[in-house]
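The opening position of the sequence shown corresponds to residue 933 in the working numbering, with each subsequent residue numbered one higher.
Accuracy of the hints is not assured; some may be wrong.
[What the hints assert, rightly or not] Label-pair distances were calculated between CB atoms; the ranges are:
hint, residue 1, residue 2, range
1, Glu973, Asn997, 17 to 27 Å
2, Gln940, Thr980, 57 to 67 Å
3, Glu1068, Tyr935, 45 to 55 Å
4, Lys958, Glu1068, 53 to 63 Å
5, Glu1009, Asn951, 34 to 44 Å
[Claimed, not checked] Computed list of lysine-lysine pairs in DSS-like fashion (alpha-carbon distance at most 25 Å, straight line):
hint, residue 1, residue 2
6, Lys1036, Lys1025
7, Lys1049, Lys946
8, Lys1021, Lys941
9, Lys962, Lys1021
10, Lys950, Lys938
11, Lys946, Lys1045
These are calculated hints, taken from the structure and not from any lab test. By construction, the Cβ of each residue, glycine as well, lies at the ideal position given by its N, Cα and C atoms.
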Amino acid sequence: MSYQFKFQKVLAIKESEKNQILADYKTSVKEFEVAAEALYESLKKKETLEENQRQQLTNGLSIHNIRHQQYFITGLEKTIMYYQQLVVKARQKMQHLQMLVTEKNIEVKKYEKMHEKDFMVYEGQLRMIESQVMDEISIQQYMNRGK
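Go ahead and model the full structure; you've got the sequences and the hints to work with.
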């Protein structure tokens, strides 16, 4: 008598779903990190450029150079806004997938708990059958001795 969990296929499907969502979550974390790093670099570049502009203004700077730097800073601000939106979207996606991973993990745990309980029942039945067989053998041996 071999043990067969009646929801084994469902458990396997739930585990594969959990693993797929976990992989998606890890990918979204990487995307978030890339976007956040790009935003950080853009902000750092803007800060450095503004600091250089302040220093050059104290030393004297032509209007042409001021316009050129302001144009560059404006372009950098647009890039920063783009990366900020990208970071927000990546964070939302990451948080959503984290919630899904948690839900799938709970589902898998439920099926694993059912599996454990079902296996314990199976083992109990095996022990009971084994006990009955041993009782029958004992009775047979007792009856054979009596003859």
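Comparing the hints with the structure gives:
| no. | hint | verdict |
| --- | --- | --- |
| 1 | Glu973 with Asn997: 17 to 27 Å | holds (24 Å) |
| 2 | Gln940 with Thr980: 57 to 67 Å | holds (60 Å) |
| 3 | Glu1068 with Tyr935: 45 to 55 Å | violated (23 Å) |
| 4 | Lys958 with Glu1068: 53 to 63 Å | holds (57 Å) |
| 5 | Glu1009 with Asn951: 34 to 44 Å | holds (42 Å) |
| 6 | Lys1036 with Lys1025 | holds (16 Å) |
| 7 | Lys1049 with Lys946 | holds (18 Å) |
| 8 | Lys1021 with Lys941 | violated (35 Å) |
| 9 | Lys962 with Lys1021 | holds (13 Å) |
| 10 | Lys950 with Lys938 | holds (20 Å) |
| 11 | Lys946 with Lys1045 | holds (13 Å) |
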